[in-house]
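Student: Residue-level listing of the chains:
There are 2 protein chains.
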Amino acid sequence: MENTVSIYNTASRTKEVFQPLNPPFVGLYVCGPTVYGDAHLGHARPAVTFDLVYRYLKHIGYKVRYVRNITDVGHLENDADEGEDKIGKKARLEQLEPMEVVHYYTQRYHKDMDLLNVLSPNIEPHASGHIIEQIDLIKRIIDNGYAYEKNGSVYFDVLKYSKDYNYGKLSGRVLEDLIANTRTLEGQDEKENSFDFALWKKAQPEHIMRWPSPWSEGFPGWHLECSAMSARYLGNQFDIHGGGMDLMFPHHESEIAQSVAAHKEEPVRYWMHNNMITINGQKMGKSLGNFITLEELFGGTHKALEKAYSPMTIRFFILQAQYRSTLDFSNDALMAAEKGLDRLLKAHTLIGSLKTGENSTSDIASIRKNCYEAMNDDFNSPMVIANLFEGVRIINSIYNNLETITGEDLALLKETFDTFVTEILGLIPDETLAGKNEKLAGLMEMVIDLRKQARAAKDFATSDRIRDELSQIGILLKDSREGTTWEIEK
Amino acid sequence: MENTVSIYNTASRTKEVFQPLNPPFVGLYVCGPTVYGDAHLGHARPAVTFDLVYRYLKHIGYKVRYVRNITDVGHLENDADEGEDKIGKKARLEQLEPMEVVHYYTQRYHKDMDLLNVLSPNIEPHASGHIIEQIDLIKRIIDNGYAYEKNGSVYFDVLKYSKDYNYGKLSGRVLEDLIANTRTLEGQDEKENSFDFALWKKAQPEHIMRWPSPWSEGFPGWHLECSAMSARYLGNQFDIHGGGMDLMFPHHESEIAQSVAAHKEEPVRYWMHNNMITINGQKMGKSLGNFITLEELFGGTHKALEKAYSPMTIRFFILQAQYRSTLDFSNDALMAAEKGLDRLLKAHTLIGSLKTGENSTSDIASIRKNCYEAMNDDFNSPMVIANLFEGVRIINSIYNNLETITGEDLALLKETFDTFVTEILGLIPDETLAGKNEKLAGLMEMVIDLRKQARAAKDFATSDRIRDELSQIGILLKDSREGTTWEIEK
Chain S
1 MENTVSIYNT ASRTKEVFQP LNPPFVGLYV CGPTVYGDAH LGHARPAVTF
51 DLVYRYLKHI GYKVRYVRNI TDVGHLENDA DEGEDKIGKK ARLEQLEPME
101 VVHYYTQRYH KDMDLLNVLS PNIEPHASGH IIEQIDLIKR IIDNGYAYEK
151 NGSVYFDVLK YSKDYNYGKL SGRVLEDLIA NTRTLEGQDE KENSFDFALW
201 KKAQPEHIMR WPSPWSEGFP GWHLECSAMS ARYLGNQFDI HGGGMDLMFP
251 HHESEIAQSV AAHKEEPVRY WMHNNMITIN GQKMGKSLGN FITLEELFGG
301 THKALEKAYS PMTIRFFILQ AQYRSTLDFS NDALMAAEKG LDRLLKAHTL
351 IGSLKTGENS TSDIASIRKN CYEAMNDDFN SPMVIANLFE GVRIINSIYN
401 NLETITGEDL ALLKETFDTF VTEILGLIPD ETLAGKNEKL AGLMEMVIDL
451 RKQARAAKDF ATSDRIRDEL SQIGILLKDS REGTTWEIEK
Chain X
491 MENTVSIYNT ASRTKEVFQP LNPPFVGLYV CGPTVYGDAH LGHARPAVTF
541 DLVYRYLKHI GYKVRYVRNI TDVGHLENDA DEGEDKIGKK ARLEQLEPME
591 VVHYYTQRYH KDMDLLNVLS PNIEPHASGH IIEQIDLIKR IIDNGYAYEK
641 NGSVYFDVLK YSKDYNYGKL SGRVLEDLIA NTRTLEGQDE KENSFDFALW
691 KKAQPEHIMR WPSPWSEGFP GWHLECSAMS ARYLGNQFDI HGGGMDLMFP
741 HHESEIAQSV AAHKEEPVRY WMHNNMITIN GQKMGKSLGN FITLEELFGG
791 THKALEKAYS PMTIRFFILQ AQYRSTLDFS NDALMAAEKG LDRLLKAHTL
841 IGSLKTGENS TSDIASIRKN CYEAMNDDFN SPMVIANLFE GVRIINSIYN
891 NLETITGEDL ALLKETFDTF VTEILGLIPD ETLAGKNEKL AGLMEMVIDL
941 RKQARAAKDF ATSDRIRDEL SQIGILLKDS REGTTWEIEK
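In order, the protein sequence lines correspond to chains S and X.
Here our numbering is used: the first residue of the first sequence is 1, the next is one more, and so on.
Here our numbering is used: the first residue of the second sequence is 491, the next is one more, and so on.
Do not take every clue at face value.
[Stated by the list, open to error] Here are the simulated SDA-like cross-link-like pairs (lysine to any residue), alpha carbons at most 25 Å apart as the crow flies:
#1 X:Lys948 with S:Asp464
#2 S:Lys478 with X:Leu844
#3 X:Lys942 with X:Arg957
What the hints contain is simulated information worked out from the structure, not anything from laboratory work.
Keep in mind that this is a model prediction, so the values were computed, not measured.
Please take these sequences and the hints and turn them into a complete structure.
Tutor: Encoded structure:
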């Protein structure tokens, strides 16, 4: 491998040189969505972050098996094993079979990911499709003495586990603190300790999603699926596990405990966590009125938005920050990102029309080298972007005859932009992706101006002809005092 | 329900009035693809056929739950329980985890379906995600005495079942003929009779897709998944089961036997089978060199094709035949379909620009009525299309001032076309769907002509300006002796 990547491993709180278990193969597992509602800003960041990781590892020669799950059962409203199943509740409210809810929102999630140019993972396992693997895992944990059954439900025994292993090693939580902060258990609670978590829950009579098990008809606990499915597709130990920082505790901490309790082996070699997003400095939340879905963002239909922001603007905005920094969404910041992206993509297009000269006034090779170094340093995309903007400056200078470039350097510059802008950062014009057509808009601007020119010259034959032919194509012109606009006939 | 639909029930070989079990709810199950290769012509017909059924039943007021499965395990190379698992083999050849093969081809299948404007079903269950349900079904069948275990595999006992029920009732096969045509069983065969079929197969050591069961680590037989998943999502008895005629035996016949053996209840009330396709009169097959994938069809890249045929042309072509007729693909027939579709869609667009008069020279209401009657008569789409073409004739006549129409009738005509062309037949311009842009082409034709006109008038300022501005938009003009062409800059 020509490039050596350093990854900030949450488990060690340090940057470590990435050494996969079985190079050139890399196993990458990322926590995917619970599909009971539309994807929102909070989904976009991990998706884009690990898309960057996936794209770069592939680019430098690794054969990556990227697994991202779909949570379609077991995620309760309260993450601490209480309340209704999120999907079950949505299904009840909408009078649907839970799998109809799952299918509907999975499709919408995929559509949003396509718009963000997020590549599909290689395997997208559903929790409900791996009940057998999850039951098998529970059996192993019970056999090894780290879980107990109570009234048909099975709970992980955190206290017992903590005597042999370190529960809290990933998140830095200390068991003594967890104990100190624990409310007194009420009589009806099945758990021996409130920080124990469910591996299997006995289904209430009204619960539709249920499967037979040695303990009861029921369903698996939320943390279990990731342990079961990562082991199924990547092995008991694998290279990288990613997700949002909010999942570190209890979800990822519990994943480690489950896997170690079952297999007596650390499941994950490198833990990666993207930091959280805020909106105008605030946490996103339904009660704060700043809960913005991706569809609302792309359409500009949420009241907090001054305008629509295209999927590629959102992608660029996310990549402008290193994934371990917090990221604050605001109209100003998004508009700035929109402009920046536009400059970058225009310069990329311009490369093809640059003329070559006898020498180069800028050091192209070092831009390329800096981009690789930035990516090798824990996927530092803002540093890549800064270097690409040095390239943008050079491109514009050459275009304006203020600088020169050799043919060889021009080829290198093009290769650098193709590699980093398109392939690794995944930034391409929205219309290329969505099939919208900026060309049509540009063309209409020109045609309207040609018509105006004809009218000014009293060439009404031409101006009428333009209007008539446009109408035949299905494009309507609207003249007003402010000028002429157009729209496509419905 | 205002409309009463008659369905040709394969089980009774007659048209029957459709009466759902629990109106207005309708349960519809259709056999989906085995995802180990690209979708081909043989996949397009059932997909479009049952999309038509789904769209129409919804249109007339039913609440349809449409379930179409993804076969990702258990479908062996030889449909009679022999040979390698189709997905396992592909995975072995491509050195992938089988679920990578499944994910890859499922996505490509969805893409093709989107292009064909085939609506997604409400639930798309995977066979591998329902192993528990399948094991449960096998247990019931064994308990009821209609299956036997041999060396860790479980087979359905067709002879025993035939003593109590009618194996062959759907396909019309007679058990005595099956027995007479049976080769002598060789010693190593585990089946008691060669027409018995596998419910569970013990996995060979090299087999990756395997699950624990009471009989062995193994995998379910191919026919089982549809029985298990239709019961899971639609109940032990449900309304409509669809699929290609080639699936009638042994697949659907075995589904009935499994469900009856397990639940002592007929699973399906209306069996619908679309007829087969041929290519230039021949069956499609890899050995005949006429195996055409949808991607090849849409791109015109197969040697049997004289040109590319758009997805909507294929959809229209399929709908031009009643689903129970055979359908022969040929270049001539496809080109004719392309022209017909173009006429239909152009007329649909033209409705918006028709002028109204004091009376109507044609009977619009009867066109609408005929369309409903045709659909009510076993989804007779060619009859709908014939009536719509009568509408096309009228539209063109009115447009050319040869006929007149009242405002009321014009609204009715528009509603009829919107309903049947767009909503029920699902015919919309390809570019609307794929984001391609015919408008751009029309506009460029006009712009090139304006430039030619400017040059003829020696107005070189304008002609140069057009070229320059186009270049800035990213559109290049190429002048040659034959005239001017354009292309989008790469």
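Student: Against this structure, judge whether each hint is valid.
Tutor: Taking the hints in turn, this is what the structure says about them:
1. X:Lys948 with S:Asp464: Holds. Lys948 (chain X) to Asp464 (chain S) sits at ~21 Å (cutoff 25 Å).
2. S:Lys478 with X:Leu844: OK: Lys478 (chain S) and Leu844 (chain X) at ~20 Å, within 25 Å.
3. X:Lys942 with X:Arg957: holds (11 Å)
Comparing the model with each numbered hint stated earlier shows that all of them hold.
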